[in-house]
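Same order as they appear, the protein sequences are chains A and B. Residues in the first sequence are numbered from 413 upward in steps of one, following our numbering. Residues in the second sequence are numbered from 149 upward in steps of one, following our numbering.
Where hints are given, some of them may not hold.
Here are a few chain B residues that sit away from chain A, every Cβ distance over 12 Å (derived from the structure) [stated by the list, open to error]:
| no. | residue |
| --- | --- |
| 1 | 206 |
| 2 | 207 |
| 3 | 261 |
| 4 | 262 |
| 5 | 266 |
| 6 | 285 |
| 7 | 287 |
| 8 | 336 |
| 9 | 406 |
| 10 | 409 |
| 11 | 414 |
Derived EDC-like pairs (lysine to aspartate or glutamate); straight-line CA-CA distance at most 16 Å [claimed, not checked]:
| no. | chain 1 | residue 1 | chain 2 | residue 2 |
| --- | --- | --- | --- | --- |
| 12 | B | 328 | A | 428 |
| 13 | A | 539 | A | 502 |
| 14 | B | 305 | B | 337 |
| 15 | B | 206 | B | 183 |
| 16 | B | 305 | B | 184 |
| 17 | B | 328 | A | 460 |
| 18 | A | 513 | A | 478 |
| 19 | B | 200 | B | 184 |
| 20 | B | 328 | A | 459 |
By construction, these hints were calculated from the structure, which means they are not laboratory data. None of these values were measured; they are calculated from a predicted model. The beta carbon of each residue, even a glycine, is placed where N, CA and C say it ideally should be.
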Amino acid sequence: MPSYEIEIILNRQLADCLSIPVFITDTQGNLIFYNEPAEELLGQRFEETGEMPVEEWGTKFIPMDDNGTIIPPEKLPLVKTLRDCYPHHDTFWIKSIKGNKEKISVTAYPIIGRENKFLGAVAIFWKTKYNEN
Amino acid sequence: MKINLCGVRGSIPTTAPESQFYGGHTSCMLVSEDDDLLVLDAGSGIQAFNIKDIPRNKRVDVLLTHLHLDHIQGLGFFRPLFMPDMEVHIWGPTSTQSLHSRISRYLSPPLFPVLVRDLPCKLKLHEVGNGSFEIGHFTIQSSYVIHPGPTLGFRVKGNESVFTYIPDHEPALGRHGIIKDTRWTSGFDIALNADLIYHDGQYSDQEYPTRRGWGHSGFGDALQFAAITGAKHLLMGHHDPGRTDSQLTEMQAALKKNNSFAFNYEFAIEGKQFELR
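Kindly generate the complete structure, drawing on both the sequences and the hints.
Structural data, given as structure tokens:
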């Protein structure tokens, strides 16, 4: 299996140094890396799960608006980025696999490589001060 | 495939007498087989290029890993560029500016008296990124690798052998060093099972932590990279310009004493030739 493009590798190396949860996907949305802070959200370790198909990791937490209504996938920043290759940002609630409810902000950006090629996307989860446990 | 190491010093040429055994010229290799000739990088080592090296087809291809000065400073002194009957192809990494524009920044006043457009040879420039292309009977695979600015590594496949050239490379950049999963190892695809790898080995493992992010490797990381990629033979080069012959010899002896690998490894020496079969 060929190696990832250098732009993807560098994003992983950066994510590995950050204390905020970072998810990296391929162009199809399959989760190819998540860092240690993201492991807390998923309740699993990357070393144990390895890469995860979009169908699997997409069910690890439930996104909701302030009224508790589930947000459809197409409204989520990462899904938007994968669709249009532009950055997106939003703030909403997520219910994690452990049942914790957290209000988070998500910034998603596309990885556009040197040859102007869309290589994948990064989603950064910023915790807000409105967390409920 | 014959490989002639014309320049193995990093960053800046050195003429210090105490560095002449390993050599003071910056990056350049001549790779030849049958009647095809490649020049890998155009550091000051390119001065070793001799007119008698010119193939019968009057074509020579210069492959630039990147355009840092120590890899292009010899370009203006490359004699085929000034020979009207020569066809010179220069291959370099794609960037936001054209290769012509970037080379012209060096080959123009006040840095150099001759403009690119005034070179009398038949000059052709090629921008490459991740991919493969053919030069004569050679198949070249190029891949971006970790180093500041757009930088390529090259895998040169000849009739019977493979030579991988990654003179400037920092695959260990990151929190935990080189990622062992080969899908996440910079340069892995172009180095896989090569008969000979020329790889960055500028720093000792003690020096590397204070130079992280400068784009180069410690000896230990170069060895680890070669082990991961299944190298048969590793040449560590891009020697630090301040390093003396005696220091390099001592460092190599210490490495050999403390590290055992299935492959052969050594520090590159300017002027040394290898023949791969």
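Next item on the list: Please write out, lowest number first, the hints stated earlier that are contradicted by the structure.
Entry: 8
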